[in-house]
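Enquirer: All chains, full assembly: derive it from the sequences and hints.
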Amino acid sequence: MAELIALSPAGAALPKRIGAVTLTEAPFAPMTGISPHAGEVAQVSAALEAAHGLALPGPGRMLSGAGIEVLWFGRNRWLLIGAAPGDGLAAHAALTDQSDAWVSVIVQGAAGVDVLARLVPVDLRPRAFAEGSVIRTELFHMPAAIARTGAEDLRVMCFRSMAGTLVHDLVTAAEAVAARG
Amino acid sequence: MRLKTGGLIDRGTALRFRFDGHDYTGFRGDTLASALLANDIRVVGRSFKYHRPRGVFSAGSEEPNALVTIGRGAGAEPNVRATMQELRADLEARPQNCWPSLHWDLLEVNDWASRFIGAGFYYKTFMWPRKFWEWVYEPAIRRAAGLGALSGAHNPDRYEKAYAHCDLLVIGAGPAGLMAALTAAEAGADVILADEDALPGGRLNGERATLDGGAGSDWAAAAVARLRAMPNVRVMARTTVTGVYDQGTFGALERVGHHLDDRPRGLPLECFWRIAAKRAVLAAGAIERPVAFAGNDRPGVMLAGAVRTYLNRYGVAPGRRVAVFGNTDEAHRTAADLVAAGVHVTALIDARPDARSTLSVPFYPGGVVTGAEGRLGLESVRFEAGGRSQGVMADCLAVSGGWNPNVHLTCHLNGRPVWDDGIAAFVPAPGAVPGLIPCGAAAGVFSTAGCLADGARAAAEALGGLGLTAPDLPQPEAEDAPYRIRALWAVPGKRRAWLDLQNDVTVKDVRGAAQENFRSVEHMKRYTTQGMAPDQGKTSNLAALAVLADATGRGIAQTGTTTYRPPYTPVAIAAMGAGAQGKGFAPERRTTSDQASRKRGAPMIEAGLWYRPSYFPKGGERTWRESCDREVGWVRNAVGVTDVSTLGKIDIQGPDAGAFLDFVYTGTFSTLKPGRVRYGIMLREDGHVMDDGTTACLGEGHYLMTTTTAAAGPVMRHLEFVAQVLRPELDVQMVSVTEQWAQFAVAGPGSRDFLNGVLDAPMAEGDFPFMACGEVSVMGVQGRLFRISFSGEHAYEIAVPARYGDALFRALVTRAEGMGGGAYGMEALNVLRLEKGLLTHAEMHGRVTCHDLGLSGLMSSRKDYIGRAAAARPGLVDPERERLVALHPVGIEKRLLPGAHLFAHDAPAVREAAEGYVTSACHSPTLGHPIALGFLKSGPERLGETLRMVDHLRGVETWCVVRPLCSYDPKGERTRG
Amino acid sequence: MRFSALRILSEGLTGNRGWRPHWRDPEPKSEYDIVIIGGGGHGLSTAYYLAREHGLRNVAVLEKGYLGGGNVGRNTTIVRANYFLPGNSEFYSHSLKLWEGLEQELNYNVMHSQRGLINLFHSDGQRDAFARRGNAMVNQGDDAELLDRDGVRKHLPYLDFDNIRFPVYGGLLHRRGGTARHDAVAWGYARGASDRGVDLIQNCEVTGIDIANGRVTGVQTTRGAIRARKVAIVVAGRSGQVAAMAGMRLPIESHVLQAFVTEGLKPAINHVVSFGMGHFYISQSDKGGLVFGGDLDFYPSYAQRGNLPMAEHVMEAAMTLMPMIGKAKVLRSWGGIMDMTPDGSPIIDKTETEGLFLDCGWCYGGFKAVPGSGYSFAHLIATGRHHAPAAKFRLDRFRTGAGLMDEEGTGAQHNLH
Amino acid sequence: MRLSCPICGERDRREFHYGGAALERPAPEAGAAAWDAYLHLRENPAGRSRELWYHESGCTAWLVVERDTVTHEIHGVTLAAGGR
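Chains as they are written, first to last, in the numbering used here: chain Z, 7 to 187; chain E, 24 to 1000; chain R, 68 to 484; chain L, 27 to 110.
None of these hints come from the bench; they were simulated from the model.
Since the structure is predicted, the reported quantities are computational estimates derived from the model, not experimental observations.
Fair warning: there could be bad hints in the mix.
Reference excerpt, derived from the structure (chain R facing chain L, CB under 8 Å, subset only) [what the hints assert, rightly or not]:
(1) Leu-317
(2) Glu-320
(3) Pro-376
(4) Phe-465
Don't be surprised by glycine CBs; every beta carbon is placed ideally from N, CA and C.
Expert: Right, here's the structure in full:
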């Protein structure tokens, strides 16, 4: 029997280069939602560190290791990207597979902040949103998560089903920024 | 008339433009207003009510007269202030509110009839005969009213919105604002400097006064350049701060593209900014006010400050023989500038008897202007001085009644300005907007030196609040003349003297309003419409107040002001609503089967934010009904596949997950065993049904809840509310997994065989009984299988990670087609559920109880749950409530319509006799006739009764019989089998 | 003084010197038969109908600010009778009948314009719900027509039919729906009441309600104590505070509702139009301004002003539905304080204190109710019996759950109606 | 309007959902009057009020907000669930 072929959320809509920004879809990576059981944040952090070498970051922060990232992802919620959850986590936390739930777009370039300023009601300039920062917020009308993964790299995550709208909104904003010269 | 030299315009770049069908030339750096004046265009529009000829009155956004329509075709923009529109190549402008032409306007008859149509006349007539209001009077009034016209076509231009953040927002880049910005920027604060003008500098660009011995405009340009070069400063020109909102939020409109000869593709015309500022400095300057006298609306009568601006900034003399009238030294400054520019000053009239002048122009201290003459433009001015009435020729009269600090923004959070007798004006109340510090002319400081110092002072205060220290910046040398005013609002006289030029409100109107007991300032405003025009009375409100105060024997302070409301200057709907035109109003959510469904020709319909296939047409089918009937047949007889991924899926885990579910559902879930699924009803706390759905137990303390598509968001919020607010002691975690899984229903008698063909390990006999669930491997992918049914058939839902959704859907449909079935859409899904009497939000519409839906049995009596107490209220369990039943047609005409009402078979179709209504209906191909669900008083107790169904709107009246909810396989043998 | 074209003509010819105050400004007396707290639309119409229908003229209306200064002067002026639940149906139907002919009744041109109201719908489900509503309207004796997409296009050709996020499926047309000049309604009733002997007392704030042995005896005000046999509370936006003076707690939360008006424009919109997939309704005033509004800001507020998110939502709805108005510029926004009840429907009732009556909870539907509310409330005050069309507006319906009128189906959350 | 989420910091009002007055849910058998008060009756103060807000598009915490309904001043924001 034929195997099922996997598709990415944004598909052929990306990558795109508009003015001084590039929009690229992040490649598929396993993602696991981690919500520690009551009073077990420390245990989860220890288990995570044992399995993946990274502790749970504080609110609004992310930590990166070799091919692995842990993002704070909301109240009592983290997101492990890049590896299946290691042993020992399940005993202390509710784990959910989120690998397919998000579309992730890397907004790259100095103008990325200006592009997102058209869509996101939070200050994303480096002085307010340094490397390693993460927020949950909204992007125009969509729930979103945004992380600064580099000096000029922003990772924008929205619900998979809204990938088309996300690309449209980013492209429109980028065109407007580019047109200002 | 253009002066030979001078001004900040680029005389090297001539621009052709068109006004009222004629071609003219101006320069880069002109506004449309200055270019019109340079070309001696005096009449630019007609007034709102009396259709009087009007000319340019000001040089800023307060302009009440010079409103024009810019452009042609779909993008034509009405009501543009000529004073704010920068000249660009081939600009085309048209006058408004005149017919057949600007100079011959038929509705000028209104002016002749003015004594009959004063303020509020329309409240006293047009009442007979009654029907004539809508037929005759109102259409005529509407046609006469209004200013410009919309093009009538969809907006063709791009607009955008954006956010900005800063430590300090400086509003206005005149001397005070520039000093404030420089001070704060040097201190290291993150600064935004927003200025309405294309050329920051404020009055420095319009005056001859010097700073540090150089031109004020040069100092401003240097300051702006310095600020632009600093990384912690953002200078936003052409940006008007339009509104103040809570906690340091400001709205601002940036005019991005209006001034460009060629707008690059993608560039918005305007950008509406939401600025979050920790502190703000209001350096918005002041607005000059006129004095009311007879005929003061004639083209050529102009604010004195504007006259100076046209002279000094644009190199334009607004007249050849100019008279000047004022009550402060502004009049003298204006006369001096005119003389310096070589313009003939025919009279300098100063209302202050003790005024002195060193200018060699005819000077009349203690004089007042009593009249202005000239139909299509000022020709002469009458005035009284020294007890003598005299006349003087003038084609322009520069008027200054003093300055009003621009307090508007300080009133947006309900602050009331306070009266300052010294300057005869309102100034901002201290602390009117938390964190906003008024300074300079906006705070009543009128000398240049005073403004510079006050700007620095305000910045220092703001910096203190930010924990920063203000540097000691050198302050440039500037004029520091005292401000001496003799308040003068209106010159007494019998003829009409205008207050609100834009709405045609005169002194007589305000006095008349007081006479008719509209004595409160709000009553006066509403009765006369004073200050309700697009300029919000910027140049007229205070004089109107003063006239009202005089008419009612009160002081101005006691009379009070009306309320300034956002926006400070009008904002296009397209700007504040940017991004929504077309499909941008809400995100589009697409399932993984979206492309495949469209490819099969399925019309996609909106289901909340999602798109779902309505039906999948096949060749030869002429109506959707044929397709739908076929798809229903597939499910009833073979196998059908449909995407159900849009339903909300919430993963719930934790030691207390069972207890949590028991608290949010009416039924008990803590007893649900792993591998089993249960149907549940969720109530709101007020006892009415919120949502329904199934919850599967995936393992010990691990559940998967499904919600309806529409309620997914609200249910998630509700669950978090329960977990965090009501039951924080429960150890339970939840997260939405709606997006993670692509889920397809496989329904029909052939569904088990069908699935066994795609599962890597076929189900054994006895595996997956009704309401079972478990993990499966499907075509090499780990998925989940649920034996649940929304169709009444033996059915499953199979879920795989969303990246495989597209492939699985295609594979399932292909396979189903091979088995005499195929994909089915929302229409068939609806028919299938109606045949079974299953619910959607057409029935769970927010006003129904479990009792109404026949689901009282699901309400546990052994535990507390959300809504239990309120559901027990007597009104919610009354047996005579409207309760859900099925309806089948009887008689010859077999039609049942959702939205139709139900009546006893012999009752009239009136409200008093109404007994219920139809919620959903369809043609049932299985039963061969229409079926419906509906709510009926005491419904389940009336099975077999024949009712009258009336749909007035669609002219349908039929008969139907009350049936039990489930019309197909009531024992559920097919579902369970 | 009677208003007419002839009067305008004769006054115009004699210098407009003869116009008299539209209402008297009397000093408050120390005692009245009936004191009405609140000189807004509902209070003034109550006073008018007490005098007109029941011959009760020893009545005072106490207003803390200026007459008509509350929601009657800050709404979007829509007049309609398009409710579908029993209770609301008959009440708004009655109120609309009073509107029809109000100019002649009051001799004051309130500019009631029955230009037609169209509620748009954007799905089959919404059509079914509007069909139910329209049929209920006809059952009640009011008018309603169901328009399909082409029917809507005929009336509103300027909508975006081709490229819109939520396509228009059709609309419910209520031809007798329309608008009126809001201030004029307050002024007309004030003049009518004043002419019939009612004392309208402005700048008179009630600071206490006197109750003895379970019976109301009068009120304390900033202009002195006033005795009264009956006291009526009609203070939308301040209902909770005034009721608290009588020891009552109400099922009301106060919320802000924003509205917007654009610069004057030549006629562009000839109906009242409401969007079905977002919060937006619009009409064009006779002066030419587009008057439009949306939903509550959703948080409790007495500030009479709103914030940007809802304002932006409203403009976005406008842009998706009718991008033709994009270049119309908003010149002013404002907010009113809405008495939001748990079912979105109002209260006209007696209280546990004898002689104390309550008219409140109009949510954001109060303007069109001005005539009906005054008529029914006057009936209740004068006779002690509920007026049939308003008989279901009881205070106890929330406690018992019987007769709830939750048109939105959003349940007991005050801000969601 | 901006609210300070104890987890996320100051954010625009558009990220939040107002969820009603902060009241104590009565016991199941508290009686009709108690439930009527909880569901329907409101102090509805013109001044300081205690409200529930949900940081819906942020961290999803439910918050107890002390806010002035006349000035819109925010006096304090805490997590509804307390330390959890």
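Enquirer: Does each hint fit the structure? Answer for all of them.
Expert: Taking the hints in turn, this is what the structure says about them:
For the restraint placing Leu-317(R) at the interface with chain L, the shortest Cβ-Cβ distance is roughly 7 Å, inside the 8 Å limit, so the hint holds. For the restraint placing Glu-320(R) at the interface with chain L, the shortest Cβ-Cβ distance is roughly 5 Å, inside the 8 Å limit, so the hint holds. Look at Pro-376(R): its Cβ gets to within about 4 Å of chain L, closer than 8 Å, so that hint holds up. Interface restraint check: Phe-465(R) against chain L, minimum CB-CB distance 4 Å, threshold 8 Å, status holds.
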